[in-house]
Every structure is written in C-alpha cells, then in structure tokens.
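Colleague: Sequence:
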Amino acid sequence: MKKRMREEFDRNSIMMEGKEYDNLFPDDICEEIMQWLAWKEVLLNCCLISKQWFTIAKSRYRASIQLTYGQEKLWLCFIKEQQEGISRIFNIGVDSFRVVGSYFIDSINAEIISKSFPNLKRLEIGDNQQFGDCGAESISKIKTLTSLNVLDCGITSKGAEFIGLLNGLTYLNIGNNKIMDSGMKFIGKLSSLNVLQIGSTEITSESFKLVGCMKGLTSLSIYSNPVTIEDAKSISSIHGLKSLNISNTGISVEGLKYLSALTLLTNLSLAKNNITNEGLLSISQMKQITKLFLQHNVIDCDGAQLLSTMTNLRLLNISQTKITTEGIKHITSLKNITSLNISINQLNDEALKLVSSMNQLTNLSTHNNKLTSEGAKHISQLNNLTELNISSNPVRIEGANYLNQMTTLKIINVSNCRTGIFQWNNNIDLQFDD
1259 MKKRMREEFD
1269 RNSIMMEGKE
1279 YDNLFPDDIC
1289 EEIMQWLAWK
1299 EVLLNCCLIS
1309 KQWFTIAKSR
1319 YRASIQLTYG
1329 QEKLWLCFIK
1339 EQQEGISRIF
1349 NIGVDSFRVV
1359 GSYFIDSINA
1369 EIISKSFPNL
1379 KRLEIGDNQQ
1389 FGDCGAESIS
1399 KIKTLTSLNV
1409 LDCGITSKGA
1419 EFIGLLNGLT
1429 YLNIGNNKIM
1439 DSGMKFIGKL
1449 SSLNVLQIGS
1459 TEITSESFKL
1469 VGCMKGLTSL
1479 SIYSNPVTIE
1489 DAKSISSIHG
1499 LKSLNISNTG
1509 ISVEGLKYLS
1519 ALTLLTNLSL
1529 AKNNITNEGL
1539 LSISQMKQIT
1549 KLFLQHNVID
1559 CDGAQLLSTM
1569 TNLRLLNISQ
1579 TKITTEGIKH
1589 ITSLKNITSL
1599 NISINQLNDE
1609 ALKLVSSMNQ
1619 LTNLSTHNNK
1629 LTSEGAKHIS
1639 QLNNLTELNI
1649 SSNPVRIEGA
1659 NYLNQMTTLK
1669 IINVSNCRTG
1679 IFQWNNNIDL
1689 QFDD
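Take 1259 as the starting number for the sequence shown in my numbering and just add one per residue.
None of these hints come from the bench; they were simulated from the model. Here the structure is a predicted model, which is why all the values come from computation and not from measurement. Backbone N, C-alpha and C fix where the C-beta goes; we use that ideal spot for every residue, glycine too. Treat the hints with caution; some may be incorrect.
DEER-style ranges, computed between Cβ atoms [what the hints assert, rightly or not]:
#: 1; residue 1: S1518; residue 2: Q1324; range: 37 to 47 Å
#: 2; residue 1: P1376; residue 2: N1642; range: 41 to 51 Å
#: 3; residue 1: Q1604; residue 2: R1654; range: 18 to 28 Å
Assemble the whole structure, with the sequences as input and the hints as a guide.
Modeller: The following block contains the structure:
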C-alpha cells in the first residue's frame, strides 16, 4: 500500500513538473483569478508562473496602473533596475499609466516609461515641470498612444514637435505649456484628435486658424489665451463641437455671437470674461446648452432673467457673480437643473428659501454666503439632494441638526460652519477644506 501511494505521489510530481503543470487550471479560470488581483501581482508574479499564465496575461489581461504620491519613485526605480529581466512582462497587458500628485516624472523617468510600456494607450503625467522637451521626445516613441495628458510639464514648441508625431492621439491635454504658435503648427496636424486642451499656451490668432481646421474636434479648451472676434469666428467653424472652455479669454459680445453657430454645443464654460447682459443675450439663445459655467462674471436681475430661458440646463455655475435674491428668483424657474453652484454671492436665508423649491437638485454648492440655521432648514427640504457644500456659513449646531435629517444626503462640506463637535449620520461622508 505504501509503495503504491509513493508511486502515485511520484507520478503526480512528474506531472506537476511537466506539461500538465502549465495547464493546471482552464484558461478562463486563470483569467478570472487575474481580474481579482492587483496589477502588480499579475505583472510581477502571475506572469512568471508558467507559459500558460504568461500567454493569458499577454492576450487577455489589461492593466491600468496608477501611482499616487510616494509610490512613483519606488516603482520607477524598480522598473529601471529590473528592466532587462521584466521588460517582456511590462510589454504586455498595460493599457493605461497614470501618476497622481507627483513631481517625479522628469526626462529620465519618461525614457524609462517609454521603454517599459511601449504598448501604452493612455498616459497621464501632468504637473511635472521637469518632464520638459526631452520627456516629450521619449514619449513620442510610444506610437500606440491614443490619450496623453502632459498638462503643465515644461514643454515648449520643441516638445510640441515631438508630440505632433503621435498620429494616433484622440485626446491631448497640453495646457499650461509655452508651446506658442510655433508649436501649435505641429499639434494642428494631429487629424485624429477629438479632444484638445490648449489653455494657457500663449497662442495667437495664427494658431486659432489652425484649430478652426481641426474638424474632428468634439471638445476644445482654450482658457487663458486671448480670443479676438476673428478667433471666435475660426472656432465657430468646428461644427461638431459639443464642449468648449473659453474662460478668461476676454471674448467680446461680437465673438459670443459667432458661438451661436455651434448648434451641437452642450457644455460651455465662460468664467472670468466680464460678460454683460448683451453677452448673456447671445448665450441664452443657445437653447441646447445643458452645462453652463459663468463664475466670476457679474449677473444682475436682467441677466438672470435671460438665463431662465435656457430650459435645457442641467448644471449651472454662477458662483461669484454678485447675483441677488431677485436674480435667484429667476434661476429657480429652471426645473431641469440638478447641479447648482451659487457660492460667494452674499446670499441670505431668503435666497435659499427660493432655492428650496428646486426639489430636483441633487448637488448644491452655497459656500461662503450669509446663511444661518434658517438657511440650512430651507436646504433640508430638498428631498433629492445627495451632495452639499455649505462651508463658510455660520449654520451652527441647529443648522447641522436640520441637515442631518436629510435621508438622501451622502456628501457634505461643513468647514467653518461653527457646528462644533457634532455627531453626523454614518451614511454621510464629511468633507473639509484643506
């Protein structure tokens, strides 16, 4: 008996060491196991188990790598040290690489990324000033990229020339970089782009003429670049635009009139543009708009009345616009709005009494107004509200008691509300200003 058991054990051992071990589990089971594991476990462990696991990872597994602050240095150094041995692993299965809250991605680490992840489709490494033009040159070797975020990465026109080689890009955020007109001529040749963000890039009318020829764009952000009437005319020729951020550009009333030609536009940001009632008249004629951002403009009662005709609005940001209670009365007639921001407007409890009639609201920001516990009481009547920012309003404990009774509320910011030590419901996620 013992001899038979020993022979059986030896036979099983041989099977485990041979071909049978490669297929210990069906492929579908291996794939399912991978889906439940962290990407690091899959790439550094599962891929080394057997040929079967490696093949499945290569053909089926897709990882999205995200490194938060404090992790990126450790992992990129590891990749650099082990590059020879694990390059074949990192060549597979990684579609997306994102670094959050880091200043570590310089030109050297950009080269490491390009060599270790040559099949990347999405790369997000914004806010890394040391990345620069050399980093852009390294990244330009990843020809599979379709989405690239290099916001505020110290790129000039030279770096823009390298990025212009990525012909497969459909999304590009190159904002807050000094690419200027000399760099924009390379970006303008990216014919596959659907989304382009070039805010604060020191471009002029020469570049806007190129942008106007990019007919495939559906989303465009050009904030903090001066926009003339001719520039607005160029932009208006992109008939497929659905989203436009033209904040802080000094666009004129005549320029706004051209934008009315964008009949597919549903998302419009016009913050910090000193827009007058005449400008609001042009905006109000764009009845298809569902999201409108007008913060840091002045909106009087007549302007609010013009906005009240935009009945398709779902989101409206009129923070820091000096709107009054009389103006709010017009805004409350917009019955399709679910997200409203009326922060920093010196509004009192009476204004919030009017807002309480907007029972369709799910998101409300009334930060830094003049609300008391009475204003909080009015807000508590919004039966569909899930997110509330009421920070910097002295609602005190009495106001907190009213808000705590809201059964739908999930997120609330009560910074500087003088609520003291208050026991909030467990289902409410408390947020505080930094």
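Colleague: Against which earlier hints does the structure fall short, listed by number upward?
Modeller: none
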